[in-house]
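Participant: These protein sequences, in sequence, are chains P and L. Under full-length UniProt numbering, the first residue of the first sequence carries the number 1, and numbering increases by one thereafter. Under full-length UniProt numbering, the first residue of the second sequence carries the number 1, and numbering increases by one thereafter.
Keep in mind that the hints are not guaranteed to be accurate.
If you want the footprint, here are the derived chain L segments under chain P, 3+ residues with CB under 8 Å [to be verified]:
| no. | region |
| --- | --- |
| 1 | 3-16 |
| 2 | 55-69 |
| 3 | 250-264 |
These are computed hints drawn from the structure, not numbers from a lab. It should be emphasised that the depicted structure is a prediction, and the values quoted were computed from it without experimental measurement. Glycine is no exception: its CB is placed at the ideal position from the N, C-alpha and C atoms.
Each chain, letter by letter, is given below.
Number of protein chains: 2
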Amino acid sequence: MTLKVISENRSFGGVQAVYAHRSEVCDCDMTFGAYLPPQANDGPVPVLWYLSGLTCTHENAMTKGGFQEHAARHGVAVIFPDTSPRGDGVADDEAYDLGQGAGFYVNATRAPWAGHFQMYDYVLSELRSLALDALPLEDCHGITGHSMGGHGAITMALRNPDAFTSLSAFAPIAHPANSDWGRKQLGAYLGDDESAWALHDSVLLMQQNGWKGDLLVDQGMSDNFLDLLMPEALASVMAKRRQAGEIRLQAGYDHSYFFVNSFAGDHAAWHAERLMRPHAGRH
Amino acid sequence: MTLKVISENRSFGGVQAVYAHRSEVCDCDMTFGAYLPPQANDGPVPVLWYLSGLTCTHENAMTKGGFQEHAARHGVAVIFPDTSPRGDGVADDEAYDLGQGAGFYVNATRAPWAGHFQMYDYVLSELRSLALDALPLEDCHGITGHSMGGHGAITMALRNPDAFTSLSAFAPIAHPANSDWGRKQLGAYLGDDESAWALHDSVLLMQQNGWKGDLLVDQGMSDNFLDLLMPEALASVMAKRRQAGEIRLQAGYDHSYFFVNSFAGDHAAWHAERLMRPHAGRH
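Taking the hints into account, I'd like the entire structure generated from these sequences.
Facilitator: Encoded structure:
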């Protein structure tokens, strides 16, 4: 599998690249961003996965999230996957929150989505292998994300604790099985049997599995979408489980990238500290 | 004159706002961004003006430049003006580098531009007065900008040394009177008499006036537009004049916001240090 270079820009002494490649899993061409810090010139570096939210491509967080400065300081790479398969042959919906730009990080089993919408396997397996093969990365991973991407980060990590060393999220869709940001999409992609949805719900997975380490969640208290995100459900189940971690309720912050980049430094430091611990998942 | 709030987003403990207002000078509605750091809650703060480049609005640098973090640390406000008048009644050109999005920070004297394209007076006088009236700002100013905005910053400061305490630029169009990024626009806006252009050319103004203090210029060495920007002409005239300052030639960097935000922290610190000096232009 080869990567096609779409762009490369020097950034904080490293390189912010955009690559395209053929995805077997999604059966279409896919695009992703990868920031390699200057330390990657001297050898492989750990990697932080950043999953984006509804309507985003690989580009939004890459240009607005401000992660490069922090990643360069800590010597961590950041990969920004797209949020869905795309292209003329790929199913879509008129709504902003279903179809292209709204993959929800699941493997769709229902028409018309099943043929391409396999974002869970794409991020967790195909893109991970591809990136490890093609880029100077250690097989040592943290994962974070925003909104729908925070949902993706928590659900992937809780279901695959061996695959990730560190975990955080920005304003995650915490309880999609019980939210209008979730029920519609999980129904469309996975069908009406809600037992299948439980594997893609952070609150239900936290209740069931917990997380092996600690996790950091930031949530703006002036977020217009609090009713859809349901951070209180995640906080509640974490407290009941005695789950280690921090849920930080940030006064005055909304759901925008101005929120994300205000705390990007804290999240980068959180991951770097855990990824850099001796033998902390580094292979 | 009242400001209409277009948006307000919490950012690094402060507020990134966007305002619209009627401009008498440009005879149209104008939009600008203003970042107020948390220190502005306790009293007026100095202000850094950031002038943007060709094709940009008030928004590009505000979302991609990464200035908020640094401004919050130093307690400096940042104002992001638009790059031209806009609207249905405002003249435009099919080219990206003339008309709307390309005001070049001059007062146009020629049709069809003279009626609205008065960006020099707009930034230097009207918006400055408006911002000082409406926002918690000290009458103490630094100015910077990128590309066409770097040109605007240097030319405004060199012509108005009492109006600005500190000066820097990112990849400025340094010698527009001698560049295809300049001759076309200065001719269109100001007419064919090149003596009028000299008041809007950083190299010629530096030769004539110098700058009262020191200035910081960053220029990427992998910038695709080096031939149009002519940093060598600025470096040469600064050296000949024994002008204090730093021209930093940054290996590998291009003309993008990935370049700008990589050095935004250095520029913010440069301005903050000079703006915060006791009585350094603070009224």
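Participant: List in ascending order the numbers of the hints, as given earlier, that are violated by the structure.
Facilitator: Per hint list: zero violations.
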